[in-house]
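Read off the chains here:
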Amino acid sequence: MTAVLHLDNVTRVHGEGATEVHALRGVSFRARAGELVAVMGPSGSGKSTLLTIAGGLDEPTSGTVSVEGSILGSLGNAGRARMRRTSIGYVFQDFNLIPALTAAENVALPRELDGERTKAARQLALAALEEVGIVDLADRFPDEMSGGQQQRVAIARAIVGERRLILADEPTGALDTDTGEEILRLLRSRCDAGAAGVLVTHEARHAAWADRVVFIRDGLIVDESGADSAEELLEVTP
Amino acid sequence: MSIRQALLALLEPGPMYGYQLRAEFEQRTGATWPLNVGQVYTTLSRLERDGLVEHVAGSGDDDADRAAQVMYRITPSGRGEVSAWFTTPVPRTQPPRDELAIKLAIAVTLPGVDIAALIQQQRTATMTALQDYTRLKRSGRASRPDRPEDLAWSLVLDSLVFDAEAEIRWLDHCESRLRRAAVEGQLHTPARPPRADLNTTDEEEVHS
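Order-wise, the sequence lines are chains A and B. Residue numbering for the first sequence follows the working numbering, starting at 1 and increasing by one per position. Residue numbering for the second sequence follows the working numbering, starting at 1 and increasing by one per position.
For the record, the hints were derived by calculation from the structure and aren't laboratory data. On a predicted model such as this, the values are computed, not experimentally measured, just so you know. Do not take every clue at face value.
[Unchecked claim] Derived SDA-like pairs (lysine to any residue); straight-line CA-CA distance at most 20 Å:
{"id": "1", "chain 1": "B", "residue 1": "137", "chain 2": "A", "residue 2": "181"}
{"id": "2", "chain 1": "B", "residue 1": "137", "chain 2": "A", "residue 2": "147"}
{"id": "3", "chain 1": "B", "residue 1": "137", "chain 2": "A", "residue 2": "182"}
{"id": "4", "chain 1": "B", "residue 1": "137", "chain 2": "A", "residue 2": "44"}
Construct the entire structure; sequences and hints are all you get.
In structure tokens, the structure reads:
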């Protein structure tokens, strides 16, 4: 398996001198194609910082981040923005949809910003909405949809155009248990289909959908659970 | 133990052989609480002694065949016991012994135990189990429960998931409380060097 995302010895320091905060203190991390990795930690542990740096929304103080072989730090702002439109999909807790655009328009936006023609972008958007199971809501506006449906739109926007790195920051935080589980099922199946996924969460039940769970404390990765399973011990074939 | 009531209840719809009962039990519970055939027959003979089931003789050619082919049928007083089981809550007055809670309760009072490491190791182990249960839930017969037995199994898996999740939440909670206690100086600071026999590792680390 090839790693889609590489973080090598990444540090991030906010502020200077007496108010200096070390959000990340030398983190190395991989997410491979076909793999969903969960990052767990209490608030202030650095887990969200890790994700924003992986997504090119923030820059490390030292260390390197590469996505599909490109080192984000060497790309410049325009190059990083392009990576975010073409390679990196980001899913937020509060969906971050544009209220004045329909579901299909929200999903098509990254493609259109990347220069795709409106009609072709809409076709890709509809395919992505189909994949997340809500193509029938394509022409609705965000405020005409439930939280779970809006998050599905956000996931469609994150995967449109075959992006291979999906970063999700507490994507189930604003949803009820069942709806949250559906969202995890979607992320999981996208990773099973070949994407690399990183899921930041403080919910153990959600982290358990991942292939690996990485525990972060005070800006350092302290442990990791990757499961070779004991399921043979449990499942009885009917 | 609930195995007795569970087997009795499974006989309600109609008589069954011992091996059949075991299979029906495991259809609903996976191998979460494995039952061996011996246990099933011991339980059945106790139920028979107490007048809750009766056996229906088999039609085999020799004795061994007949023994294996004994069918069990629930009696009217057996039905009474089943209905009492379903209408009485499971008592919570005596919490089941929780090794982890006991271990942590002892560990926080002793010098020389690396509690942070203890908590992290347990969390990783419990998370691995939680990942396994989740994988079972999303694949196999629990993911698309067509039959009531499959739904039962997926609910048993949910119970394991919720238990593991509760344990991880409790470990997170212990960790943050212990950190706070350490900052506020309430945690035991060893006055003497940690005793090697209290350490699970060879390193002698002092954690305050």
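Status of each hint after checking the structure:
With a CA separation close to 11 Å, the supplied pair residue 137(B) and residue 181(A) stays within the 20 Å bound. A threshold of 20 Å between alpha carbons decides the hint, and for residue 137(B) with residue 147(A) the separation of about 24 Å lies outside it, so the pair is violated. For the suggested pair residue 137(B) and residue 182(A), the alpha carbons sit about 13 Å apart, so the restraint of at most 20 Å is met. A threshold of 20 Å between alpha carbons decides the hint, and for residue 137(B) with residue 44(A) the separation of about 32 Å lies outside it, so the pair is violated.
Hint compliance for this structure: hints 2 and 4 are not met, and every other hint is.
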